[in-house]
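Protein sequences, first through last, are from chains Y and C. Numbering-wise, the working numbering puts 81 at position 91 of the first sequence, and it's gapless, one number per residue. So the working numbering is basically just the index in the second sequence, starting at one, shifted up by 5.
Calculated directly from the structure, the hints in this document are not laboratory data. Cβ coordinates follow ideal geometry from the N, Cα and C atoms, glycine included. No false leads were slipped in.
Derived BS3-like pairs: lysine-lysine, alpha-carbon spacing no greater than 25 Å straight-line:
1. C:K72 <-> C:K99
2. C:K103 <-> Y:K54
3. Y:K56 <-> Y:K45
4. C:K41 <-> C:K72
5. C:K99 <-> Y:K45
6. C:K41 <-> Y:K31
7. C:K61 <-> C:K73
8. C:K75 <-> C:K61
9. C:K103 <-> Y:K10
10. Y:K10 <-> Y:K54
11. Y:K56 <-> C:K103
12. C:K41 <-> C:K75
13. Y:K31 <-> C:K103
14. Y:K45 <-> C:K103
15. C:K75 <-> C:K103
Covered stretches of chain Y (in silico footprint by chain C; criterion: 3 or more residues with CB under 8 Å from a CB of chain C, positions within the stretch not fixed):
16. 33 to 42
17. 99 to 105
Negatives, chain C to chain Y, calculated, CB over 12 Å:
18. S16
19. V17
20. S22
21. Q62
22. R80
23. Q85
24. P116
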Amino acid sequence: GAVVSQHPSWVICKSGTSVKIECRSLDFQATTMFWYRQFPKQSLMLMATSNEGSKATYEQGVEKDKFLINHASLTLSTLTVTSAHPEDSSFYICSARVPGDVTDTQYFGPGTRLTVL
Amino acid sequence: GEDVEQSLFLSVREGDSSVINCTYTDSSSTYLYWYKQEPGAGLQLLTYIFSNMDMKQDQRLTVLLNKKDKHLSLRIADTQTGDSAIYFCAESIKNTDKLIFGTGTRLQVFP
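Chain Y on its own, in the form it takes in the complex (with noise of 0.2 Å):
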């Protein structure tokens, strides 16, 4: 169970065009998700909450009108990078909540590997 997947695994776009990562939870409803950002040999950081049927939080540094979060479904969320450049270049990351779990485990997805050109 408690099973999180995202799409796509990588993709490789032109600077400027805008693009939309897409993270499930397969086996439940997950009414917050997670994204984070993650650089080479680095830790986690972590850029949004995304909340079902309200909008994200976003945390301090992160441009929201950049990285798009939409949390349309309780099996859905997608973080859509906006005007995207070789800076945004990373591996994203998301990951869910089981509701009622009381261990406040986060389940997280296999990743994108966003390279801009």
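Please arrange chain C on chain Y, whose structure you already have, making use of the hints.
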């Protein structure tokens, strides 16, 4: 602010035990976690421990928590080459949804 520190690298021989250490600063953490990340992959939950526990054992994994010193450790018994990965500790922050991750420890197992 919250800060979670880990040593960067650990190298062990196959069959030996590995001990990965973590120190954290937020004493109000309710749960602490260990995750494993293999190259190019997401994070796999290994185990977690409630903050009022001292120890938790799960097969080859033993977690020790010293709440007074804010020190968490993960011991892997009979380490195998398949255990080679980056290990992250994380703490949940009370009254928030957030996890704060450590810097990660790269474990290398050699034959």
